[in-house]
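Asker: For reference, the chains in residue letters:
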Amino acid sequence: MKSEKLLYAIGMIEESMIEEAAPKTIRTAKKHGLLKYLMPAATCAAIALFAIFVLPQISKTPNNNTPGRNNSVIPGQQTDKNNETNSVYVKMNIVMNELEKFPSKAEGDIGLFWDDYISMTIDELNEYYGMDICPSYLPGTLKKEMVVDVTYGNLGIFKRDNGTVYYDNNELKYENADKAQSVIISVAKGHLPKYDVMGLYKGDLKASDIDGNTVLFTHYNDENGDHYYAEFLYNNVGFNLWGNNISKDDFIKTVASYFGK
Amino acid sequence: MNDSEIVELYWERSENAIAETSKKYSRYCYYISYNILHNNEDANECVNDTYLRAWNAIPPRRPDCLSSFLGKITRNLSLDRYKQYAAEKRGLGQTELVLSELEDCISGTSDIEQRIDEMVLVENINKFLVALPKINRIVFVRRYWYLSTTKEIAEQYKMSESKVKSMLFRTRNELKKHFEKGGIIL
Numbered sequence: 005m006k007s008e009k010l011l012y013a014i015g016m017i018e019e020s021m022i023e024e025a026a027p028k029t030i031r032t033a034k035k036h037g038l039l040k041y042l043m044p045a046a047t048c049a050a051i052a053l054f055a056i057f058v059l060p061q062i063s064k065t066p067n068n069n070t071p072g073r074n075n076s077v078i079p080g081q082q083t084d085k086n087n088e089t090n091s092v093y094v095k096m097n098i099v100m101n102e103l104e105k106f107p108s109k110a111e112g113d114i115g116l117f118w119d120d121y122i123s124m125t126i127d128e129l130n131e132y133y134g135m136d137i138c139p140s141y142l143p144g145t146l147k148k149e150m151v152v153d154v155t156y157g158n159l160g161i162f163k164r165d166n167g168t169v170y171y172d173n174n175e176l177k178y179e180n181a182d183k184a185q186s187v188i189i190s191v192a193k194g195h196l197p198k199y200d201v202m203g204l205y206k207g208d209l210k211a212s213d214i215d216g217n218t219v220l221f222t223h224y225n226d227e228n229g230d231h232y233y234a235e236f237l238y239n240n241v242g243f244n245l246w247g248n249n250i251s252k253d254d255f256i257k258t259v260a261s262y263f264g265k
Numbered sequence: 002m003n004d005s006e007i008v009e010l011y012w013e014r015s016e017n018a019i020a021e022t023s024k025k026y027s028r029y030c031y032y033i034s035y036n037i038l039h040n041n042e043d044a045n046e047c048v049n050d051t052y053l054r055a056w057n058a059i060p061p062r063r064p065d066c067l068s069s070f071l072g073k074i075t076r077n078l079s080l081d082r083y084k085q086y087a088a089e090k091r092g093l094g095q096t097e098l099v100l101s102e103l104e105d106c107i108s109g110t111s112d113i114e115q116r117i118d119e120m121v122l123v124e125n126i127n128k129f130l131v132a133l134p135k136i137n138r139i140v141f142v143r144r145y146w147y148l149s150t151t152k153e154i155a156e157q158y159k160m161s162e163s164k165v166k167s168m169l170f171r172t173r174n175e176l177k178k179h180f181e182k183g184g185i186i187l
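Chains A and B are the protein sequences, given in the same order.
Per my numbering, the very first residue in the first sequence carries number 5; after that it's consecutive.
Per my numbering, the very first residue in the second sequence carries number 2; after that it's consecutive.
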């Protein structure tokens with residue numbers, strides 16, 4: 005085929021031109037973007053006091069997908085210690101903000117140079133962030149192995165020769181067999197990695213509380229289904245989490261599992 | 002570890018060469034392969050095969066630019082695997098689209114196919130690309146070397162997707178004229 009011959013010939017062009025066009029930038033979201041999808045009153049009325057949750061701790065529980073025995077939502081109930089040694093209680097006050105649509109990204113560019121890239125295993129990355137960045141709980145339908153593709157699961161940081169880390173966003177994804185359900189996690193040290201929806205909506209959204217930590221929860225629908233989103237800073241690590249086509253309870257448990265670490 | 006140190010490991014026949022190459026360039030090679038194949042497993046295999054090819058090629062080679070050297074291997078391996086896809090009719094990704102776009106650069110008027118030396122063709126493409134404005138060249142290479150989507154290119158270089166498409170369209174036409182001027186008929 006002639007065009008195939010041309011495609012192969014283009015493959016042999018001068019290396020300087022290949023280097024010049026190398027994908028050195030990746031998509032990132034600016035912290036403050038458009039408000040065009042802001043709902044007039046973005047918060048929904050559904051304020052529930054999720055009191056006692058039993059969350060399995062990854063280090064102690066054999067099956068991470070197994071929810072604790074007492075995982076129902078009991079509004080108004082106080083936190084207490086569980087007698088079971090392999091579980092912890094987390095006090096939560098959850099506000100699920102309904103969004104008409106998730107904010108579109110205002111794209112920014114960060115120059116990323118492959119020479120600066122340091123590939124890392126998940127253990128190395130946990131050490132870098134100073135905490136386990138994987139959730140201790142995942143919905144039972146999802147596979148425990150992370151997806152590894154061009155966007156997710158290729159882990160590492162970009163560090164200059166002088167030792168400065170200038171980009172450390174990493175993306176984890178867990179999905180079920182037919183890929184309809186998933187949990188996606190973006191992580192960065194010291195700041196929210198991709199989105200600051202709370203900042204974007206400038207006080208129109210209500211924050212939740214999990215064990216004394218501020219978390220933003222939102223819910224929205226689009227052509228790909230039902231989505232939950234959460235953002236928070238914990239142990240100086242920023243998280244954006246999406247739960248796609250999973251239940252609200254499962255999503256909240258996934259988010260809450262970080263706070264028992 | 003810098004590129005020359007990695008290349009030195011190959012020359013020393015140290016197995017760390019592959020580990021260091023993988024650490025530094027697995028993501029880059031994966032990007033290239035995945036754009037062609039759109040299949041995680043096959044892309045990973047092509048990336049692993051890239052290391053083996055590099056191991057066999059260095060020495061005697063001592064590449065000036067390791068990223069492009071590896072990228073070229075990955076690209077060729079992935080295109081070869083894409084041919085298998087096409088044979089099995091399970092091709093995905095950008096390859097089919099890119100091949101169809103490149104038809105624009107090929108003259109359909111000649112009945113007699115002139116067999117040209119591959120290196121002459123490459124030399125002509127190099128000359129053409131060097132003479133292009135930088136942004137046009139980058140967009141062309143991103144599309145036809147890296148097989149990046151027009152959407153991704155538009156986002157990266159802060160252009161509309163339609164601008165990227167029209168820029169590519171014009172560049173393809175100019176390349177066709179360049180070939181014709183040089184007496185190259187593919």
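In case anyone wonders, no lab produced these hints; they're calculated from the structure.
Please note that the accuracy of each hint is not assured.
[Claimed, not checked] Far from chain B, some chain A residues (derived; all Cβ distances over 12 Å): (1) Y12; (2) E24; (3) C138; (4) G144; (5) K148.
[As the list claims (entries may be wrong)] Computed Cβ-Cβ distance ranges for the label pairs, DEER-style: (6) B:S5 / A:N225: 50 to 56 Å; (7) B:K182 / A:N225: 28 to 34 Å; (8) B:S163 / A:A184: 29 to 35 Å.
For clarity, every value in this text was computed on a predicted model and none was experimentally measured.
Glycine is no exception: its CB is placed at the ideal position from the N, C-alpha and C atoms.
Asker: Between S163 of chain B and A184 of chain A, does the beta-carbon spacing fit 29 to 35 Å?
Answerer: About 32 Å separates the Cβ atoms of S163 of chain B and A184 of chain A, which means 29 to 35 Å holds.
Asker: Holds or violated: is the Cβ of G144 of chain A farther than 12 Å from all Cβ atoms of chain B?
Answerer: The claim stands: G144 of chain A keeps its Cβ more than 12 Å from every Cβ of chain B (closest is about 24 Å).
Asker: Is 50 to 56 Å respected by the C-beta to C-beta distance linking S5 of chain B and N225 of chain A?
Answerer: holds (53 Å)
Asker: 28 to 34 Å was suggested as the range; check whether the CB atoms of K182 of chain B and N225 of chain A agree with it.
Answerer: About 56 Å separates the Cβ atoms of K182 of chain B and N225 of chain A, which means 28 to 34 Å is violated.
Asker: According to the definition I'm using, a residue is off the interface if its beta carbon is farther than 12 Å from all beta carbons of the partner; does Y12 of chain A meet that for chain B?
Answerer: violated (7 Å)
Asker: Using Cβ atoms and 12 Å as the threshold, tell me whether E24 of chain A really stays out of contact range of chain B.
Answerer: violated (6 Å)
Asker: Grab the minimum beta-carbon distance between C138 of chain A and chain B and tell me whether it stays above 12 Å.
Answerer: The claim stands: C138 of chain A keeps its Cβ more than 12 Å from every Cβ of chain B (closest is about 20 Å).
Asker: Against chain B, does K148 of chain A keep a CB gap of more than 12 Å to every residue?
Answerer: The claim holds: K148 of chain A sits with its nearest Cβ about 17 Å from chain B, beyond 12 Å.
The structure fails hints 1, 2 and 7 (numbered hints given earlier, in ascending order).
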